[in-house]
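K.L.:
Chain residues, written in single-letter form:
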Amino acid sequence: MGVLVFYPTIMTFSYSLKEMKLTSPEDTDFVGLSNYADVLTSDSFQYSLQNTLFLLAVVVVLTTVLGFGVALLLNVDTKISGLLMALAILPWALPPIVNGIIWRFIFHPGYGFMNKLLIGLHITDEPVMWLTDRWLLLLIVAIVVAWRSIPFCAIVCLSGLHAIPEELYEAARIDGGNRIAVFRYITAPLMMPFIGIGITSASITAINIFDEIVALAGYKDLGKNLLIESYLTTFSFLDFGRGSALTYVIMLMAAVLGIFYLKSLNREVEF
Amino acid sequence: MKKKISPLYWVAVLLFLVLTVGPFVWAFSISVTPEYEMFKNTMNMFPKEITWDNYLALFDSVSQQHIRLFRGLENSLKAVACTLVIGIPVAAITAYTLSRMEFKGKKIIKNAILITMVIPVFATIIPLYRMFSAMQMLNSTFWLSMVYASSFLPMSIWLMDNYFSTVPRELEEAALVDGCGRLRIFFRIILPVSYPIICASMLIMFLSAWSQFQIPLILASNIDTKPVSIVASEFMTKDTVLYGITAAAGMLIILPPAVAALVFRKLLVRGMTGGSIKG
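Line by line, the protein sequences are chains A and B. Counting in our numbering, the first sequence runs from 1 upward without gaps. Counting in our numbering, the second sequence runs from 272 upward without gaps.
Every clue listed holds true.
Straight-line C-alpha distance at most 25 angstroms; calculated DSS-like pairs for lysine-lysine:
| # | chain 1 | residue 1 | chain 2 | residue 2 |
| --- | --- | --- | --- | --- |
| 1 | A | Lys220 | A | Lys21 |
| 2 | A | Lys263 | B | Lys378 |
| 3 | B | Lys377 | A | Lys263 |
| 4 | B | Lys375 | A | Lys263 |
| 5 | A | Lys79 | B | Lys537 |
| 6 | A | Lys263 | B | Lys381 |
Derived coverage of chain B by chain A (criterion: at least 3 residues anywhere in the stretch with Cβ under 8 angstroms from a Cβ of chain A; other residues may be distant):
| # | stretch |
| --- | --- |
| 7 | 279–287 |
| 8 | 524–536 |
Some chain B residues well away from chain A (every beta-carbon gap over 12 angstroms; in silico):
| # | residue |
| --- | --- |
| 9 | Glu320 |
| 10 | Asp331 |
| 11 | Ala445 |
| 12 | Tyr466 |
The set of hints was computed from the structure by calculation and includes no laboratory data. Yeah, the Cβ is synthetic: ideal placement off N, Cα and C, and Gly gets one too.
Bound conformation, chain A alone (with noise of 0.2 angstroms):
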C-alpha cells in the first residue's frame, strides 16, 4: 500500500514542482510552484472550478435532502418496506459510467424520454437540447450523480433513524409534542451526525466526478470539472508537471471535506 499509495501521492507533489513534459521528455527542471501559478491563473482553470463548485453544491444539496427523505419512507413499517429498500440500494451499485449511459437515453434530444414527455404533454414543440447549454448540462450531471449517491446517505439516515429510542418519542407524545416539534426537537438534532456523514461523503463524490461527465458530455470543455481538466492536461497534452499541480489543488479540497468526513466517522453517537 506504501508503494503504491503514499509514495505516487509524494511523487505527483515532487512532479507539480517540476517542468514535465512528454513532449520535451528531457527538459526537467525543477520550477518551483510556476505550475501552480500558470494552472491557477488560467481561464480554463476557472472555468472548471466553476463547474466542479456547482456540480459540489448541486450534488450535496439534492444528495441530502432526497436522501434523507428516502430514509425517512424506509423508515415507514410496511409490506412493502423490504421491496422498498431492494430498489433503493440499486443505483448505489451501478457503475457510474453505466449510469451516465443510461441517462443519456434519457435526456437525447431525439429519442430521449424527456424530449418525448414534454412533446407529448405539448409543453414544448421543438425538442430541448438538454446536453449543449452549459449549466443545464451541468445540473442534469449533477442529477445524475446525486441519483446513486443518494442510496448511501438514504442508508447511513436510516441506520441513525433506528438508533434515536422510541421513549423519546414516547415522552415527547405525552407531553403533548405535536409531529412539527418532535421532528424538531428530537429527530433533527439527533440525525445531524448521520446527516454529516451524508454531507461529506456527497461532496466527496461530487468533486470526484468522472464517468458521469465522460458519458453524457465526453471529453470536451463545455462540462468539464477540475478533474476532466487534469486528465486533459496530463493525458491528452502531456503536460505531467501542470496536471500534477491541479491533481495537489482538487487533492486538498478533497482533503478539507475529507478531514470533516473522518471526524464525522470517528464521532461516537451518544444518547
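Given chain A, work out where chain B should sit, using these hints.
P.N.:
This is chain B only, laid out in the frame that chain A set:
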C-alpha cells in the same frame, strides 16, 4: 406501535418508484426498440413492436460487439477476482492485528490507513502511470488489481476493525490459555464469527472493482485488460448510431452488480452502515 399509514406515504412511494426504477425501464425499452422506430417522430413512449435483435447480436459469438463485450466482461471478472483474492485476506489480517495487538506506532498506522480513504485516486495516478510504463506493468490484470486492492483496503480494514472490536475478548483469552496460537485463534474463532462483515467487505469490494473506469482507462486500456466499463463507453462513442446495442450492453453490465446487491442487500446495508463509502 404501528402508525396509520397516510395517503401521503403512497404518493411518496409512487414518486420514489418512478424516479428509481424509471431510468432502468427506459434503458430497457430502448434496448428492445427496433432501430427504425427509434427515430420516428411518434408520441409513443414505448415501442409498438419489441425486438430482441440487440441482445441476439450481443450473444452471437461471431459479432464484433459480442467479442468486445464478452472480452470486457471477462477482463472485469478477472480483475474483480484478483482484487478479492489479494484484498480480503490482507484486510482481515491487518484489521485483526490492529484490533488485538499492542505495538509501537499502531496509532500512526491506523491514522495513515484512514487518511488514504480520502486521498483521491487521481493524486496517485500520474506517478503510477509513469512507474507502470517504466516497469512494463501497464495492461496487467495483476497490477491493476493491486491498485484496486490498495485503494479499497482502507475501507475494508476499517469496517473489519470495527467489527472485530465487538467480538468479546474472553473467547480468545480462553483459547490462549488452552495453548492456541494467534493464527489458530484467528482462523478458528475470529473468522467463523465475523463472516458477515467479511462477506459485506467482499461485496463492497466486488461492486467497487466492477465500477472502475478511470483507473483502467489510464493503466489498462489494452484490449486484453480493459474492463467492461470502458467497453461500454466505447459503444457510446464508436458506435454512435447503435443506441439499441449500447442500451442492451448496458443492461447486461448492470446485471451482475444489481443481482449481487439485491440478493445480499442485508449484508450490504450492514457493511454500509459500518460507515463505509464507495468512492
